[in-house]
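Enquirer: Here are the chains, one letter per residue:
There are 2 protein chains.
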Amino acid sequence: MAFDNNLLLDTFNGNPTPRPPVWLMRQAGRILPQYRAIRGSLSGFKELVQTPHLAAEVTIQPVDELNVDAAIIFSDILVIPECMGLDYDLIEKVGPRFPETINSLKDVESLDSGKTAAERLGYVYDAVSETVRQLDGRVPLIGFCGAPWTLLCYMVEGKGSKTFSKARAFLMQNPKAAHLLLDKITESCIEYLKLKVKAGVSVVQVFDSWSGVLSADLYNEFAMPYINRILDSITEVPKIVFAKGAWFVLEELGKTSADAVGLDWTIDPEFALSKIDDKIFQGNFDPAYLLGNKEDIPQRAHDMLNRFPKGKHIVNLGHGVYPETPLENVKTFINTIQGK
Amino acid sequence: MAFDNNLLLDTFNGNPTPRPPVWLMRQAGRILPQYRAIRGSLSGFKELVQTPHLAAEVTIQPVDELNVDAAIIFSDILVIPECMGLDYDLIEKVGPRFPETINSLKDVESLDSGKTAAERLGYVYDAVSETVRQLDGRVPLIGFCGAPWTLLCYMVEGKGSKTFSKARAFLMQNPKAAHLLLDKITESCIEYLKLKVKAGVSVVQVFDSWSGVLSADLYNEFAMPYINRILDSITEVPKIVFAKGAWFVLEELGKTSADAVGLDWTIDPEFALSKIDDKIFQGNFDPAYLLGNKEDIPQRAHDMLNRFPKGKHIVNLGHGVYPETPLENVKTFINTIQGK
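In the order they appear, the protein sequences are chains A and B. Counted from 1, the first sequence has number 19 at position 19 by our numbering; the numbering is strictly sequential. Counted from 1, the second sequence has number 248 at position 248 by our numbering; the numbering is strictly sequential.
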């Protein structure tokens, strides 16, 4: 099927487009006053994630307000640990907290996985189908999951970290348990994405937020095989892989079955092109530029556009938009890309 | 002058050595029980930094206990903001906290810099000369400073951060103030390192801990010129530059006047050699390997050694040793390098 605005799918299909599509990681969130109004009326972040009609509403807000070329379902990567049996909470301005963490093979063995786990996330699939119904063919909806390594990080550490040294130590001390955990997460992600596709998403993205704390050797052992299994299992829709900080395995990311590779802002387009020659790129505007002066944004946006090959670029930021970004700056960026 | 153990200086001088020298970033610290004993008896971290005979004592502890081939003066990069007029505290297990931060050109203008600032750090120079006296020619002593960009990060944010988005926004919103701040930090660092050399350090290292949050474009505008000014001003002793996460400007780091370039664990020796061909490398063992099983360490250490050119390698970790690392593992690593 074609959408009223089909720029994203046309790009995936190699069809000519008048301009590149643009959407922003974390576009459905605190940058929008209408999001903050809904969020402020609720008990917590999870209530929003778990209430399909509200998740649908905040998913569609940026399509209305920013006129982006795709929606991304409002959710969180940590629904996967939760459906596997490891509860979490998301504390505003602090981040995720897990009351229990994974420390041993026994802990890993006690987790559910695959279909059993993924089928518990009915509220996500309901949010997807409700969003698709309300979007009514305007733009495609993107579904996502966290990559197994990133999910392991949170499940072992129980919260964010600068170095994730505890998670990395777990790989070293207990590789058997680590691989079993990665396997179980992988099986859950595959079923989860398949159910999202069934509910109506038109594209999927796999996010590996904490790639950058691993070396190439460890990434190739503990991260890449699982990403490949997920990507290879999803054959129904186009796929994006975004491994933040993973410049050292960019060539390997280019060899996956993903249709597009996301780039963070530290990766020059020229470096990316030297490593990957047959994929679409997604990214990679520095989100800090949107914290600067509005007048500087158009020139910087054009500079980025000129460095990527035409027809092979999905415009995005190099990471999620910072919550404190002025809405006017976000609009200036999107309008520049859209030639307004 | 030559030291009883002259491996480090011989490496800098290009003299043949029977094996590479080894020292560890953060070797004087929580991994050592004798450090924890002293630290536990004091009111805070700063008392240790500011008391020369105690700073000297903990500086020498790893030379006695670990038999490393160099000492590094026990201190903190944040003494520079402090001597410029911006007080800080270091809270155990939390990190640095600045009661006041830099937000405007006026804030920057009110800071002291250069000699005026650096001369306030008498306790550091006293610690250096006391350490050199007590080391009595056993091994060389390394002095260090933070790079201007990293110090700006703390002075603007007031604490650590995953993205340092506030510091990056400051560059965008107020480049004039940012450049003046970087200039003032640079002048202070130069005088500081010169006074350290005068007090007796035999090598200096410039640490850029937060390089990795910048892109190459921003690094070349806001970081590299200041690093170059510092390095070019120190002509008396060998110099090491370590910019963590700065893979994207590795070639430029190779063009500085530093004698050695530090590498974090994400940078493969092969990648480094493809970018830099006439420097000594320092690094880059993954500190997470020291959290793993002791039996795995020798093989991993040999694998690293084999990937660097002989005579052009100062062995170190790819970042500071994690405080929770078992002492036995640290010893196994050092003994392996030393062929014991």
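One or more hints might be untrue.
Just so you know, same-sequence chains aren't split out, so a pair can sit in one copy or run between any two.
[Claimed, not checked] 25 Å max Cα-Cα, derived SDA-like pairs, lysine to any residue:
id: 1; residue 1: Lys279; residue 2: Glu65
id: 2; residue 1: Lys46; residue 2: Pro323
id: 3; residue 1: Lys115; residue 2: Thr163
id: 4; residue 1: Lys340; residue 2: Met172
id: 5; residue 1: Lys162; residue 2: Gly212
id: 6; residue 1: Lys310; residue 2: Pro225
id: 7; residue 1: Lys166; residue 2: Ile60
id: 8; residue 1: Lys331; residue 2: Ser274
id: 9; residue 1: Lys159; residue 2: Met1
id: 10; residue 1: Lys275; residue 2: Ala199
id: 11; residue 1: Lys166; residue 2: Pro323
id: 12; residue 1: Lys115; residue 2: Glu130
For the record, the hints were derived by calculation from the structure and aren't laboratory data.
Enquirer: For Lys310 vs Pro225, is the C-alpha pair at or below 25 Å within one copy, between two copies, both, or neither?
Expert: The answer is neither: 31 Å in one copy and 34 Å across copies each exceed 25 Å.
Enquirer: With 25 Å as the alpha-carbon cut-off, assign the pair Lys166 and Ile60 to within, between, both or neither.
Expert: neither (38 Å within a copy, 29 Å between copies)
Enquirer: When no copy is named, should Lys275 and Ala199 be tagged within, between, both, or neither for a Cα gap of at most 25 Å?
Expert: Neither. Shortest intra-copy (35 Å) and inter-copy (48 Å) distances fail the 25 Å Cα cut-off.
Enquirer: Which holds for Lys159 with Met1 at a C-alpha limit of 25 Å: within a copy, between copies, both or neither?
Expert: Neither, since 41 Å and 50 Å both go past 25 Å.
Enquirer: How would you classify Lys279 and Glu65 at a CA-CA limit of 25 Å: within, between, both, or neither?
Expert: neither (30 Å within a copy, 53 Å between copies)
Enquirer: Please work out whether the CA atoms of Lys162 and Gly212 approach to 25 Å or closer within one copy, between two copies, in both situations, or in neither?
Expert: both (10 Å within a copy, 12 Å between copies)
Enquirer: Tell me, please, which holds for Lys340 and Met172 at an alpha-carbon limit of 25 Å: within, between, both or neither?
Expert: Between copies, since 24 Å is at most 25 Å while 52 Å is not.
Enquirer: Between copies, within a copy, both or neither: which fits Lys115 and Thr163 at Cα up to 25 Å?
Expert: The answer is neither: 32 Å in one copy and 36 Å across copies each exceed 25 Å.
Enquirer: Is it within, between, both or neither when you check Lys166 against Pro323 at 25 Å Cα-Cα?
Expert: Between copies, since 11 Å is at most 25 Å while 28 Å is not.
Enquirer: With 25 Å as the alpha-carbon cut-off, assign the pair Lys46 and Pro323 to within, between, both or neither.
Expert: within (18 Å within a copy, 34 Å between copies)
Enquirer: One pair to classify: Lys331 and Ser274, alpha carbons no more than 25 Å apart. Within, between, both, or neither?
Expert: neither (32 Å within a copy, 41 Å between copies)
Enquirer: Using 25 Å as the alpha carbon limit, work out where Lys115 and Glu130 are close: within a copy, between copies, both or neither.
Expert: within (22 Å within a copy, 65 Å between copies)
The structure is inconsistent with the numbered hints 1, 3, 6, 7, 8, 9 and 10, although it conforms to all the rest.
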